[in-house]
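Residue numbers (this note's numbering), protein chains in the order written: chain A, 8 to 424; chain B, 8 to 424; chain C, 8 to 424; chain D, 8 to 424.
Keep in mind that the hints were calculated from the coordinates and are not lab data.
Hints may contain errors.
You can't tell identical chains apart in this list, so a pair holds if it fits in one copy or across any two.
[As the list claims (entries may be wrong)] The list that follows gives simulated cross-link-like pairs (lysine-lysine, DSSO-like), each with its CA atoms no further than 27 Å apart: (1) Lys367 x Lys191; (2) Lys84 x Lys351; (3) Lys416 x Lys115; (4) Lys421 x Lys121; (5) Lys84 x Lys421; (6) Lys416 x Lys84; (7) Lys351 x Lys416; (8) Lys72 x Lys191; (9) Lys351 x Lys421; (10) Lys421 x Lys115; (11) Lys191 x Lys351; (12) Lys222 x Lys84; (13) Lys367 x Lys252; (14) Lys367 x Lys218; (15) Lys218 x Lys252; (16) Lys222 x Lys367; (17) Lys416 x Lys222; (18) Lys84 x Lys121; (19) Lys121 x Lys416; (20) Lys416 x Lys67; (21) Lys191 x Lys115; (22) Lys181 x Lys84; (23) Lys18 x Lys181.
There are 4 protein chains.
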Amino acid sequence: MSSAAVTPGSKGKVLLAYSGGLDTSCILVWLIEQGYEVLAYLANVGQEEDFEAAREKALKIGATKVFIEDLRREFVKETIFPAVQCNAIYENIYLLGTSVARPIIARKQMEIAKQEGCTHVSHGCTGKGNDQVRFELAYHALNPSIEVVAPWRIPEFYTRFPGRQHLLDYAEQKGIPVSQTRGKPWSTDENLFHISYEAGILEDPNVTPPKDMWKLTVDPEDAPDTPERIEIVFSGGNPSRVINKGDGTDVTDPLDLFVYLNTVARRNGVGRIDIVENRFIGIKSRGCYETPGGTLLRIAHMDLEGLVLDREVRAYRDEHVTPVYGRLLYNGMFFSPEGDLLNKIIPLTQASVNGTVRLKLYKGTASVEGRWSDTETLYDMDESSMDVQGGFEPLDSQGFIKIQSIRLKKWGAKALN
Amino acid sequence: MSSAAVTPGSKGKVLLAYSGGLDTSCILVWLIEQGYEVLAYLANVGQEEDFEAAREKALKIGATKVFIEDLRREFVKETIFPAVQCNAIYENIYLLGTSVARPIIARKQMEIAKQEGCTHVSHGCTGKGNDQVRFELAYHALNPSIEVVAPWRIPEFYTRFPGRQHLLDYAEQKGIPVSQTRGKPWSTDENLFHISYEAGILEDPNVTPPKDMWKLTVDPEDAPDTPERIEIVFSGGNPSRVINKGDGTDVTDPLDLFVYLNTVARRNGVGRIDIVENRFIGIKSRGCYETPGGTLLRIAHMDLEGLVLDREVRAYRDEHVTPVYGRLLYNGMFFSPEGDLLNKIIPLTQASVNGTVRLKLYKGTASVEGRWSDTETLYDMDESSMDVQGGFEPLDSQGFIKIQSIRLKKWGAKALN
Amino acid sequence: MSSAAVTPGSKGKVLLAYSGGLDTSCILVWLIEQGYEVLAYLANVGQEEDFEAAREKALKIGATKVFIEDLRREFVKETIFPAVQCNAIYENIYLLGTSVARPIIARKQMEIAKQEGCTHVSHGCTGKGNDQVRFELAYHALNPSIEVVAPWRIPEFYTRFPGRQHLLDYAEQKGIPVSQTRGKPWSTDENLFHISYEAGILEDPNVTPPKDMWKLTVDPEDAPDTPERIEIVFSGGNPSRVINKGDGTDVTDPLDLFVYLNTVARRNGVGRIDIVENRFIGIKSRGCYETPGGTLLRIAHMDLEGLVLDREVRAYRDEHVTPVYGRLLYNGMFFSPEGDLLNKIIPLTQASVNGTVRLKLYKGTASVEGRWSDTETLYDMDESSMDVQGGFEPLDSQGFIKIQSIRLKKWGAKALN
Amino acid sequence: MSSAAVTPGSKGKVLLAYSGGLDTSCILVWLIEQGYEVLAYLANVGQEEDFEAAREKALKIGATKVFIEDLRREFVKETIFPAVQCNAIYENIYLLGTSVARPIIARKQMEIAKQEGCTHVSHGCTGKGNDQVRFELAYHALNPSIEVVAPWRIPEFYTRFPGRQHLLDYAEQKGIPVSQTRGKPWSTDENLFHISYEAGILEDPNVTPPKDMWKLTVDPEDAPDTPERIEIVFSGGNPSRVINKGDGTDVTDPLDLFVYLNTVARRNGVGRIDIVENRFIGIKSRGCYETPGGTLLRIAHMDLEGLVLDREVRAYRDEHVTPVYGRLLYNGMFFSPEGDLLNKIIPLTQASVNGTVRLKLYKGTASVEGRWSDTETLYDMDESSMDVQGGFEPLDSQGFIKIQSIRLKKWGAKALN
């Protein structure tokens, strides 16, 4: 197709999820070339970014409008906290730091697209990854009438740009400013909750990431030699207060509290993992992640649940909510009938999760040193005691064991002897 | 009941699980007093113990025979390794160190009881804990015709010994040697896999355990300032070799390998937890645990599974095997129809779990630095690569997403807009 | 114990769940003999019963008060309808007819016990069955301070009455009227939802129940030779209207509607099963059940869900709610933390379950002949059509299949060839 | 593309799954036109078919070879019996009659394709259905190097044949014999296990299927007025013998036995359902099915499991195997890592499933009249008995209930009062 033949804007308005980097800058220009009017959208979910520079760059290279949205507060309250409440995790290890940001980013994008009369939305995700799926499933659920343009899946685009050098050439040719002449040998995605590293040299799962890759947390070996101690208070399963008597911190605002947890975890080297995971599309992929504050919240929240959550409610949540929720977040199904259902179920499990957990942070570790709850009473020191009789009749255990053994005796008599 | 009235041995032979400590020594003598002939049985599952001193003590206070059995090798191979293979865990945190020892101890006890013509077996577990359940369910399954004597659930016994002092008085009166005049203010259970601490001052869940409580592992703050690095090799999901180039270690024997992992984890402060858990009988209880080598195996095994296990097999195992197996171990159902079934299922999931994981140990942390597998091929660097096309057609993702969105669009059109 | 020594009423007031039959009449008199003041409580949950005769009998034999409570409406609305909403079933076959009545009966009993100042409640359940567990767990959860007297587990009682003849002798001696001189060779439990038959000649699982055992439903062989057709309307997963154009029925009141469904199912022989089930206490037991109206509701509700419930919500409910709820109902855990949670989850799954199902009833069968929903739109005739393209691009399936096959090709290349 | 330009056979050999009907006959000719050499493959999985006529037709219209394979025996033994063993079902109602045939058909097709040096395989499934997925996932897993040609997803094909009339025109033009001038207003898929009806007039889910649609079973209203009785014997969960004393039947061969069960179920009108289901690709679809013999096996097998299967093994299988297996069969994942795992797990659950079930068949119903097992002993008449004490101590139930209630009392004291 000859771009000369395209009337500018003839294909309608597209709202592009723009990062300011090389890829989405080239996409922005390419979309204009294809006949779209391009509006740029940049979500602030806590990543380190020069937002104003990105705004100027987008306008300079042809965007007709730029939207920069601070979504940090809703990110913390609407997806990070629910993930903490249900101890969300993927494949037993990954805290879903990218996944929890996507619904927040996509929702605002669709709101703006609707308000601005866009017929399309676009993004710079590759055709092999999870994020294309997460963004697009959210887009489709939120507004089925708006179309998606995914350049990295359009042959005209991806055959034109088979490598980074082709993007750099195009940028030069189109006058797109390029801040960094040499990319890092890995990709990253950063937000308030975490940063991910993948691709490049990390594709060999036996390559140890270089020390300078890790950006958010101090190397445990470089962390302070003296532990720090904090207290995290939970109300209804949500963190409601963080206290560090050592540095005088006492925060209650959800965003401030989360930012502080990041700070204290980062300086003590807490929250790194290095894994091989299974992407939704069936490919295995190696990723490294730093989730500083989120790791503290997970440890503290799970510990408190031990004290205040009924055994069967906990088991139900652990087996029937946590893995399902982790997988649906990972697979981009936050906005879905089942996502909606689970988002309603999670708080039902958390009414009794009230109390305080004391953590010690030291060179990459976060250990629980104690916990208490003023309002919850499932833990009963007398009952639990091995020394005190505590209203408990040993003979009851006798009956309990005997009844349990009926089935086993029958089986054992036959199978084992 | 007047003990004068009882003919010695008139109640038959009882095989007592004997520890050499105050409780089971008093029980031994009390059982003789009740008219039993008492045989003592002491399982070596790797706990620190003067077995010969215990033997002499048992004989001295009236046991007619003493059986000291080294079960460490079968412990490692028959319950520790399967637990590692399925990443067994209770309430997301406890590695089941007591639970995995019980089946091994109980099985040998029942073998000896049968061989010696015992009509009864006995143990010193309290009436409020999990271990009474674990031992007795195993006993009943393994030999329904042998009866159980559980003194701590017999009113004559527990009303006679309401506190530790009463046991000490009885010991003095009966000539039972007491090595320790003052007990520690907590209880412990130790084996090759772990040590547990509970009761006493730990009953207040907000009391931080004193530094000198922890017995197996060095305090992370006192661990070496330089990391140690090891490699763990797995074959069929079982650890088959451990290499530490730093100290020249290269072990392959299951028991040696496990003992070495304990050594290296202990000196680096790895494997402590402090939790509140839900006992089988419905009471909440605070416990502290050290599981040094087991913690390394868990981390390495789970990591390798990321590389070599199919996504759906992993998800199946994680959701349908691991939690069920963890709970049945905890609840003492190892010897049961469902335990038998799961023990057969676990190895079926592990055929592809072959490869090596490199760990860094440092002041309480154990981090994965890389992993590889010579035989497994689910991970494909080209396919995974964001740079290489790798036989993957981006248009396929398009169709994948579109099909996934059919359902979501219908729902979204109705529910969200 | 000599009854002469007991001061009447000295043990406090007990509220006995009374049926008017031989067992509970003897228990009533025996409790008085033991020193209790006995108040009788008879719940009307729809069983066939001469309630006034029972009242007179209770008073005649010594009850100081009698409470007869019509609980049918709350039974239908509070436990039958939720059971229908989640397709509750035990071991894939039993519709839990006894289990759903127990919470309703126990709750009112505890209300009256509290209001009357009773220190105890009592019941006539045997020591081997499920109902003792169901009643008592409900009692304990609802009011932990009221004690339970379970005569069939008290040695003085059960050794005194080892068989039915001993109860008859006692009745004669104490002047307890006995309406039936000869019991049926099985036991029954009847309510609005079902009737159960067990014990006696049914204990041999290969004995075919005699034709005259079945009480609620006509033998299919004796049912009309012409089918009957009804329509059941659901709103939010609850039945809200039943129409039978054949006999002019059009009912909307929950109780009337359920009674009518019983009527029409009974006359067409619908709802019989004959099974061997696993009791909570680990014993296998043979039971026969008739659940006429409940069977129709189950068939119609499940059918409608096919039309209106999202696939993943249905799968979630089927795998994570239905079996858990069935087991907790069966095991008497309705009033429990997890029961409370599930009772809140169930309605969350049912918002879209609105529509009408047409059933044909004929000689023991109930077949769906069609269904529709005016408000729900997940079913889309064009989209579903094999003839119409319907906004569906066949190429999308191509990509969907290709992505699904990535994993399988890797595995197949290795495992199968 | 002009067909004149294509050299015959230049695209290689394709093995087409051929049915002899209009669609696959047109596909056969069209594939030749595209430049393929076409070999035809027709699997006999028990459908009613004139196989020799199909062979002649395939050869007449251009196939260079025709393979007609009798797969009935392996179908019964390798997928029907495992489905029975685990009570496989989809969405609680559909017995998966199409799904269980697909792996058998696909496997033989890939074997022949390899042996004949085919580079491609092809089928006549539409682009909206489940069968394209089932066939192709099996193809890809079984032989990743053979390509798939799916004409109904190729734009050149499906735009050329937008409706049945276009296929008829093409057939006339190409000399393809058309046996039936008018198609039925629905589609069917038949095999030994079942027949399905969908599409056409059935697309309105409220249309009652016409009486003459149902092909395999007699209308219950037309079935005999006298019940028939049969006995089904199971060994290791597989049916091993069927006896009908009424007609003198006594069969043990797996295929003969299954054919006989079909016969007896068909004549008594057993096995019809009419549902709306969720296809893998996310579309809802209405289907009617007849599964005569399979329905009898399901009823009998589940009943016997009540008698002989341990409660917890049954619960495990019901919650962790049956739904997973049903879904993977439905979604075409039989040949997959997880399918392989489950195929190994299923027999592990069935070792004790030995015994006989007596069924009564009558006008669409199949009721259990009794069951017994000579070898299994979990059912214990004395223990189960309400009249006999049976080695069961009522006081044990007391302890069992008390222990269960600890948790509930704590919760109840707080939550309910």
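query: What hint numbers does the structure not satisfy?
result: 8, 11, 17, 20, 21, 22
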